[in-house]
Every structure is written in C-alpha cells, then in structure tokens.
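K.L.:
Starting from the known structure of chain R, arrange chain Z on it as the hints suggest.
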Amino acid sequence: AAGVIQSPRHLIKEKRETATLKCYPIPRHDTVYWYQQGPGQDPQFLISFYEKMQSDKGSIPDRFSAQQFSDYHSELNMSSLELGDSALYFCASSLVGRGGETQYFGPGTRLLVL
Amino acid sequence: GNSVTQMEGPVTLSEEAFLTINCTYTATGYPSLFWYVQYPGEGLQLLLKATKADDKGSNKGFEATYRKETTSFHLEKGSVQVSDSAVYFCALRRQGNRDDKIIFGKGTRLHILP
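As given, the protein sequences belong to chains R and Z, one line each in that order.
Here the first sequence is numbered in the numbering used here, starting from 1 and rising by one per residue.
Here the second sequence is numbered in the numbering used here, starting from 1 and rising by one per residue.
By construction, these hints were calculated from the structure, which means they are not laboratory data.
Take these hints with a grain of salt, some might be off.
[Said to hold, decoys possible] Restricting the straight-line Cα-Cα distance to at most 27 Å, the calculated cross-link-like pairs of lysine-lysine (DSSO-like) are:
hint	chain 1	residue 1	chain 2	residue 2
1	Z	K106	Z	K68
2	R	K57	R	K15
3	Z	K56	Z	K106
4	R	K22	Z	K106
5	R	K22	R	K52
6	Z	K106	Z	K49
7	Z	K68	Z	K52
8	Z	K106	R	K57
9	R	K57	Z	K49
[As the list claims (entries may be wrong)] Over the 12 Å line for every Cβ pair with chain R, so calculated as not near, a few chain Z residues:
hint	residue
10	S58
11	S83
12	F104
Each residue gets a CB set at the ideal place from its N, CA and C atoms; glycine is no exception.
Bound-form chain Z, shown alone:
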C-alpha cells in the first residue's frame, strides 16, 4: 500500500544551522508529495508540494525535490530560525484521483535553539 516514512525526531539544531528532514515514500504510480507544518497548538499548514518527478517545491526558505529514482522528498533549509520550531509532516496523495485522501508520515518535531 501507499505509505510515507520520515526520520524520527526530535531534531534539535542551533539557529542558522542547515536542516535536512528525510522522507521516503512507497506508492503505486506517481503520487503528489507534500510537506505540512504544524506549529505548537495550531493546525496543519501546507509548506510546499511537488506533483511530478524532479519538481522542486519551495516556500519560506524550505525546499524539497521529488526524486523518483530514490522515492524521496527530503526537506531542506539552509539557515533555520527559532520560529521554524514545529512538527513537520511529509505526505503523499495518489495522482489520478484528485479527491483522494492524504497519507501522512509520523511527523518530525524540530527544535531550534537560539
């Protein structure tokens, strides 16, 4: 079946450090891939997405590239800030059915120290 595996947290970094959160997926066909972020006490916000191989999604300094050959969608940011502290969810949705559900990874909690 379709699934998402992401690195376990918590991940603790100092401000201005480089961030990578690994995400790999298993899916039939070519899913759409997403990163959602959940700030403390808040709902889910779409951070970025990619819908086909080699697409790069980017937003707020975060980037992720859809790698079909490695079935990966790793999240990166060059210089993190304290305000980036949150839980990050990698997710997929099957292509072909636009109203299909989203399947989430377990989430990675990120702590940024000043």
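Isolated chain R, as found in the complex:
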C-alpha cells in the first residue's frame, strides 16, 4: 500500500539559510500534519491542513510557514535556520472527510543545521 512520502530524507543547512521540506500524503487523504522531533524527544505538533486550509497550529515558529497545494501535497518552509531547528520532521496524513482519524506517518526528513 502507498505510504506518506517525504523529501528530502536528509538535509544539511547552514545557520540563517532556508529549507523546504515536502510531503506527499497517502492518495486520497485530505489532511496533512507536520511534527518536529528533537533529538531524544517526543514529536511535537507544528501545523495541519484540511482540504488545503490550515486547520490547527501548534508550536510552530514564525520563521516557519507551510501550505497544502491543490494536489494535497504540503510544503514546510523554514527560514533563518537556527541550530535548534536540527530535528526529525515528520509529515502525517489522514482521511478526515470520510471519518478516518488514524494519522499515518512518513519516514521523516532529518534536518541538520550547522
């Protein structure tokens, strides 16, 4: 079965640079979620989109922005990167419109800021 796809899988950036992470949900899923997992930490919710509209916002820094496109893929844009942004970034998707509630996670993008 198709799973959530994230790209790139690994990313190395310098401080103050910009990064864009991409997420392709499971086909026909209408909701995308972004989570950040710091080293040895639990995943923390950043932001979510339902039918291309932002549906919830968590502890996402103002330097980060995200959107969901017409094909339901989502991008997380991160600017002015800081050392503390080094983490594993997960995307998850679900089919909310059909009553589905289970969130299926992608493999994550590991971001290292030097």
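P.N.:
Same frame as chain R, now just chain Z:
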C-alpha cells in the same frame, strides 16, 4: 490540558520475557489512544489503537486496553523478541475533531537482549 505520561526507559529485557510499558493520560472527554513504535533510524509506525473505553487494540502480539476508570493504556506483550527493540510512544487524540493533533508521551526505549 491533554497530556500523556509513560514510564521512563530504557527498559531492558531478555528475549521471551513479558513486557509491560505503562501509560496514563489526562484529557477532557474521551480521547482516542494509540501506541506508535519507532525502530532505529526509522519513522513512526502505528502499532495499535483504541477509540473507546474497554476497547482492546492488538497487533504483532502487542495488546493495550483502554481503561477509562484508571485513565490508562498500558502496552503488553507476552514474549518479546530482539526485533521488538525500539522506542514506543503512547499518544492520544481528542475525539470530536478528527483532524486534531496527536499528543505524544516522552517515549520508552526498549532493549531486548538475545
């Protein structure tokens, strides 16, 4: 607010031992409860879930029962294998809003010795 508390690790067991990882939650209403597993270097995988009181989720020999009276969702397995070595996250999601974020516990690292 909503939160999840799970036993701290690491937990080290011998192969074929019985496993229990304790998890309790605080939530308004009746949340959906989940166990996710993260194998070394990999993403989050849904292990099992339960959506109402007394439901039992099970998968791959793991079980957890939704106990409303004790607000618990302890993970158990009768006979662990080396391949079960991973980090296990207990998590909840509020009912009523299907696109709501998942709140994770801090994770419990499990080591199984051959």
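K.L.:
For the pair we were handed, R/K57 and Z/K49, check the Cα-Cα distance against 27 Å.
P.N.:
holds, 24 Å
K.L.:
Holds or violated: is the Cβ of Z/S58 farther than 12 Å from all Cβ atoms of chain R?
P.N.:
holds, 15 Å
K.L.:
Is the Cα-Cα distance between Z/K56 and Z/K106 27 Å or less?
P.N.:
Cα-Cα ~22 Å, so holds.
K.L.:
Is it the case that Z/F104 keeps its Cβ farther than 12 Å from each residue Cβ in chain R?
P.N.:
violated, 4 Å
K.L.:
Tell me if the straight-line CA distance from Z/K106 to Z/K49 falls inside 27 Å.
P.N.:
Holds. Z/K106 to Z/K49 sits at ~18 Å (cutoff 27 Å).
K.L.:
Between the alpha carbons of R/K57 and R/K15, is the straight-line distance 27 Å or under?
P.N.:
holds, 25 Å
K.L.:
Could you let me know if the closest chain R CB is still more than 12 Å away from the CB of Z/S83?
P.N.:
holds, 19 Å
K.L.:
Quick one, are R/K22 and R/K52 close enough, alpha carbons at most 27 Å?
P.N.:
holds, 15 Å
K.L.:
So if I understand the rule, the pair passes when the alpha-carbon distance is 27 Å or less; does R/K22 with Z/K106 pass?
P.N.:
holds, 26 Å
K.L.:
Just to be careful, I want the Cα atoms of Z/K106 and Z/K68 compared with a cutoff of 27 Å; is the pair within it?
P.N.:
holds, 21 Å
K.L.:
CA of Z/K106 to CA of R/K57, is that 27 Å or under?
P.N.:
Since the Cα atoms of Z/K106 and R/K57 sit roughly 21 Å apart, the hinted pair holds (cutoff 27 Å).
K.L.:
Would you mind confirming whether the straight-line C-alpha gap from Z/K68 to Z/K52 stays at or under 27 Å?
P.N.:
holds, 8 Å
Taken one by one, the earlier hints fail for this structure only at number 12.
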